[in-house]
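**Q** Letter by letter, the chains look like this.
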Amino acid sequence: MHQQHSPIDLSSGKYVKLWQGPQHPGITGNMSLELAVCGDEVAECKTHVGYLHRGFEKLMERRTFIQNFTVVCRIAVPEPTFNEYLYAAAVEELAGIDVPERALWLRTFNLELMRLASYLMWLGGISASFGHGTLYQWTVTHRDYVLDLFEELTGARIYHMYIVPGGVRAGFPEGFADRARAVFDKVERILRDVETVLFSNAVFKTRSKGLGIITQDMVDRYGIVGPNARACGLKRDLRKDEPYLTYDQVDFEVVTGTASDAYERTWVRYQEMHQGLSILRQCLERMPMDGPFQARMPNVLHWEVPAGETYVKAECTRGEYGYYLVTDGSQYLRRIHVRGPSYTHAVALMEDLAVGTNLADVAGLMVSLHTYPPEIER
Amino acid sequence: MSLKDLIAPFYVWQRAFEKPYTQRRPIEERPGAERYRGFHVNDIELCVGCGTCEAICQNHAIDMVTVEGLSPKPGDSGLRPRFDYGRCCWCALCVDICTARSLRLSNNYAWLTENPDDFRFIAGADPMSWNDSQLGYRRDDHYQLLTPERVEMPMLSPEESRASFEEVAKGYSPEQAVLEADRCVECGICVATCPAHMSVPDYIKALRQGDLERGLKLLYETNPFSSTCGRICTHRCETVCVIGLQGTPIAIRWLKRAIVDQVPDSDYKRILGDETPDNGKRVAVIGAGPGGMSAAYYLRRKGYAVIVFEAKHRAGGMLRYGVPVYRLPDNDLDKDLEYIRSLGVEVRFNTRIGSDVPFAELVENHDAVFIATGLWQPTKLRIEGEEHPRVLSGLKVLEDVAEGRHPDLGKRVAVIGGGNVAMDAARVSRRLGAEVTILYRRRVEDMPADPEEIHESQAEGCRLVTQSIPVKISEGATPDKVMITWGEAEMVADPKGGRPRPVLQEERTHTETYDCIIAAIGQAGDFSFIPPEYRDRIEISHGKIVSGDYQQTGVAKIFVGGDVANWTADAISAIEDGHHAARGIDRMLSGQAVAQA
Numbered sequence: 000m001h002q003q004h005s006p007i008d009l010s011s012g013k014y015v016k017l018w019q020g021p022q023h024p025g026i027t028g029n030m031s032l033e034l035a036v037c038g039d040e041v042a043e044c045k046t047h048v049g050y051l052h053r054g055f056e057k058l059m060e061r062r063t064f065i066q067n068f069t070v071v072c073r074i075a076v077p078e079p080t081f082n083e084y085l086y087a088a089a090v091e092e093l094a095g096i097d098v099p100e101r102a103l104w105l106r107t108f109n110l111e112l113m114r115l116a117s118y119l120m121w122l123g124g125i126s127a128s129f130g131h132g133t134l135y136q137w138t139v140t141h142r143d144y145v146l147d148l149f150e151e152l153t154g155a156r157i158y159h160m161y162i163v164p165g166g167v168r169a170g171f172p173e174g175f176a177d178r179a180r181a182v183f184d185k186v187e188r189i190l191r192d193v194e195t196v197l198f199s200n201a202v203f204k205t206r207s208k209g210l211g212i213i214t215q216d217m218v219d220r221y222g223i224v225g226p227n228a229r230a231c232g233l234k235r236d237l238r239k240d241e242p243y244l245t246y247d248q249v250d251f252e253v254v255t256g257t258a259s260d261a262y263e264r265t266w267v268r269y270q271e272m273h274q275g276l277s278i279l280r281q282c283l284e285r286m287p288m289d290g291p292f293q294a295r296m297p298n299v300l301h302w303e304v305p306a307g308e309t310y311v312k313a314e315c316t317r318g319e320y321g322y323y324l325v326t327d328g329s330q331y332l333r334r335i336h337v338r339g340p341s342y343t344h345a346v347a348l349m350e351d352l353a354v355g356t357n358l359a360d361v362a363g364l365m366v367s368l369h370t371y372p373p374e375i376e377r
Numbered sequence: 000m001s002l003k004d005l006i007a008p009f010y011v012w013q014r015a016f017e018k019p020y021t022q023r024r025p026i027e028e029r030p031g032a033e034r035y036r037g038f039h040v041n042d043i044e045l046c047v048g049c050g051t052c053e054a055i056c057q058n059h060a061i062d063m064v065t066v067e068g069l070s071p072k073p074g075d076s077g078l079r080p081r082f083d084y085g086r087c088c089w090c091a092l093c094v095d096i097c098t099a100r101s102l103r104l105s106n107n108y109a110w111l112t113e114n115p116d117d118f119r120f121i122a123g124a125d126p127m128s129w130n131d132s133q134l135g136y137r138r139d140d141h142y143q144l145l146t147p148e149r150v151e152m153p154m155l156s157p158e159e160s161r162a163s164f165e166e167v168a169k170g171y172s173p174e175q176a177v178l179e180a181d182r183c184v185e186c187g188i189c190v191a192t193c194p195a196h197m198s199v200p201d202y203i204k205a206l207r208q209g210d211l212e213r214g215l216k217l218l219y220e221t222n223p224f225s226s227t228c229g230r231i232c233t234h235r236c237e238t239v240c241v242i243g244l245q246g247t248p249i250a251i252r253w254l255k256r257a258i259v260d261q262v263p264d265s266d267y268k269r270i271l272g273d274e275t276p277d278n279g280k281r282v283a284v285i286g287a288g289p290g291g292m293s294a295a296y297y298l299r300r301k302g303y304a305v306i307v308f309e310a311k312h313r314a315g316g317m318l319r320y321g322v323p324v325y326r327l328p329d330n331d332l333d334k335d336l337e338y339i340r341s342l343g344v345e346v347r348f349n350t351r352i353g354s355d356v357p358f359a360e361l362v363e364n365h366d367a368v369f370i371a372t373g374l375w376q377p378t379k380l381r382i383e384g385e386e387h388p389r390v391l392s393g394l395k396v397l398e399d400v401a402e403g404r405h406p407d408l409g410k411r412v413a414v415i416g417g418g419n420v421a422m423d424a425a426r427v428s429r430r431l432g433a434e435v436t437i438l439y440r441r442r443v444e445d446m447p448a449d450p451e452e453i454h455e456s457q458a459e460g461c462r463l464v465t466q467s468i469p470v471k472i473s474e475g476a477t478p479d480k481v482m483i484t485w486g487e488a489e490m491v492a493d494p495k496g497g498r499p500r501p502v503l504q505e506e507r508t509h510t511e512t513y514d515c516i517i518a519a520i521g522q523a524g525d526f527s528f529i530p531p532e533y534r535d536r537i538e539i540s541h542g543k544i545v546s547g548d549y550q551q552t553g554v555a556k557i558f559v560g561g562d563v564a565n566w567t568a569d570a571i572s573a574i575e576d577g578h579h580a581a582r583g584i585d586r587m588l589s590g591q592a593v594a595q596a
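One line per chain: the protein sequences are A and B, in this order. Residue 69 in numbering that gives the first Met the number 0 is what sits at position 70 of the first sequence, and the numbering runs on without skipping anything. Residue 480 in numbering that gives the first Met the number 0 is what sits at position 481 of the second sequence, and the numbering runs on without skipping anything.
Calculated from the structure, these hints are not laboratory results. Given the structure is predicted, the values throughout are model-derived calculations rather than measurements. Be aware that a few hints might be false.
Unchecked claim - Quick list of in silico lysine-lysine cross-link-like pairs, DSS-like style, CA-CA up to 27 Å:
1. B:Lys-3 / A:Lys-204
2. A:Lys-185 / B:Lys-3
3. B:Lys-72 / B:Lys-495
4. B:Lys-18 / A:Lys-185
5. B:Lys-410 / B:Lys-480
6. B:Lys-410 / B:Lys-395
7. B:Lys-216 / B:Lys-268
8. B:Lys-379 / B:Lys-311
9. A:Lys-208 / A:Lys-45
10. B:Lys-3 / A:Lys-208
11. B:Lys-395 / B:Lys-471
12. B:Lys-301 / B:Lys-216
What the hints assert, rightly or not - Coverage of chain A stretches by chain B, computed from C-beta distances (three or more under 8 Å per stretch; other residues unrestricted):
13. 134 to 144
14. 147 to 153
15. 195 to 207
16. 291 to 300
To be verified - Here are the computed distance ranges between Cβ atoms for each label pair:
17. A:Glu-60 / B:Leu-5: 51 to 61 Å
18. B:Arg-100 / A:Trp-18: 53 to 63 Å
19. A:Tyr-50 / B:Pro-30: 28 to 38 Å
20. B:His-541 / A:Gly-290: 57 to 67 Å
21. A:Asp-327 / B:Lys-169: 34 to 44 Å
22. B:Lys-18 / A:Gln-248: 34 to 44 Å
23. B:Lys-18 / A:Asp-216: 47 to 57 Å
Idealized CB from N, CA, C, for every residue including glycine.
Okay, chain A solo, but in the shape it has when bound (with noise of 0.2 Å):
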């Protein structure tokens, strides 16, 4: 932890305020940075949220519960699927709906493509924020082309509504199963370039290196989670340490580091993109083509959900992403919370970590632990 420069006296002379944010290529939403520097160090960092006024929870009391699936993935835009997923396990968990083999597995197979296309994306932001615009338009081209499969599965490149209480709404379209396979080489070939280019690049590890370093005491004490805490050197993941859907059908081994910095954060999801990969084929070998995707529902209209709560919660690419869910009996949730990464990763780390760091380095920071301001004001 980095020591506190205090106190900030504006009045003498030695500092400046900066506001970086709400809108702001390195922070992937709208939040602020509100930074006083002294030359280009970071002294003091505040981390400012509310510029979204979404209030979907809220809104989501007034929607019945089938409407409701059509709102979460508005939640995290970059990440719907994991919204979905959530939502629909909780609602299922509390009406003691019972979901189809096929539908859990194309389900994972769902929210596996979605850490791909979203990896991909962050993939881009982090290699712009060091300044790789190139690497950027190579990643964001392969995450369209993982969207050009979201579209033919789902029907939508980006809030997809595929991921329904009660199962998921369609199989697999005529010859999906190779096509896929065909945009995860294509997808492997780049992120060979991508490694060549990034990995052994000397700017990029320069400026990452030693950049943000979390300490394994900070972890439980800011609640740190996904790729921030593995690259830390701590086996979390919750595909592991409680398989849901069909996680323990599939092989895979968590990935973890032992530096912590911005550089090592990196390499932890670039190794998890190509586990994805391997899971994503898994998925194509090992899930039953034919079979109910669907559980029996009751009529949606008028569906009444036993009251109840639960928290369920899934592994998106920033860690644990759980949703509470009160229902009274009624056709409307009681309440429901969201509680994403971001929240911990984005308000309260990075107010620690910014300080001390050299201001161009902010938003590689800020993007290098991947938080999403959408999830944080839901």
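Mind docking chain B on chain A? Use the hints.
**A** Showing chain B alone in chain A's frame:
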């Protein structure tokens, strides 16, 4: 830092000469994927305007509106969804829930227009460029938001049912009823089709929510014969139920029964209210069948003193004497009738208007009269030999059985006719141990009987011979036998476009011997109780008393309803006639105009 770290970034140049990935719009077009959720397409002919799309839309992006030039068929609200693309989020829940499966999305996703109002359009009716698009999102065959299969009604097996007069349909358990009620989408298309306009979606909802008392109240708003109709209604509502478009319609009739069966009759007065204070006016009702008792109920509710004159010694009319107890047990009919009587409706049994009480006296002594005498005269076969003592009328057989007199039908029975009376006569004969042959002059699809009656009669072992026209009845070998000669019929198309006509093939006739023949080809009314002085004002046309608004006849204080007045001749129509006439009588007696302008 190594030399490699300095050189590696230049590797990006390798890709500089690759073909760009980007699409050059508008030179190149990229169509949406086969499942793309693009703009809405609605097959306006398939759509029935149930509005379920509107109900599920979380953005209120859909309004059901009338469409110019669209002439709706029965079971069609005449409305069609209009989409507002200022609100739509293309989630396609409307497509998933569409009961007619007329709605889908095209894979078109780009649309430019100068006029923002264009973004509100009626899919399928307005000329959109993507109307003919064949690609785009449609509901997968294996994905459903509604349950197409009906909860099966527990029934006696045909072996059990033909051996006794026990009720065939056992009724839903409370759990089954809730499950079946859950399938309803509450579109209300059925309400327009029900002759009584019962608030079907509301009482189904009450049942689903376990609020039986509200359910019962809703039933009695339009139908005081809910126990009866819950069993034997012709349920036209189910023929238009939108769930039936992709599956089996909601069992509306059985759900009505489920409500009534779960409320004990001792609770009726508490739930529905007690007697209404007399308003000092008197109304006479002729006939204690569904029409007459329905009028009596609604008039009594408004405070009228009602006296019902019934020629037989029990109430119920055709429900009692024409519907066998295996379809409508006496107790369940009595549940309806006794509640009506308990409100202060007086029924004078064994009192025939005309012979026991002169019609004129009745009209004189009451503020209004409602005629609901029903059709009790069996239609003649009009063939040679039909006066044979072993030729019985279907109604007579049913009446005998209803009264506990088991007529001697013998071992082999022929039933002539294709209506419900014929089916019931056949099934009753089966229960009395006879082998039954049903002779019907047209095809199965032309039979006026309820499809389930036809089905059940067959399941119980009745032999059905269609396109068979009786030609002659003659003496059998012994006095307790009778012979019938019938000829095969060919269906000949009607040049005027009417239904095909059976034409006797004289060279193909058959003669069979039976122990008795039951003729059940229809009934007619007996209007002899109406004295000549009224005949010039009470018009009778084609065997029916003609009525105007609110069932009023040419004599202002005389109203008419039921089988003697309407052409549908079923219980629910009679019940509605009674209700409607009660409104008319009330209007007349409270000084409002009865005839509508």
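**Q** I'd like to know which numbered hints this structure contradicts. Please list them from smallest to largest.
**A** none
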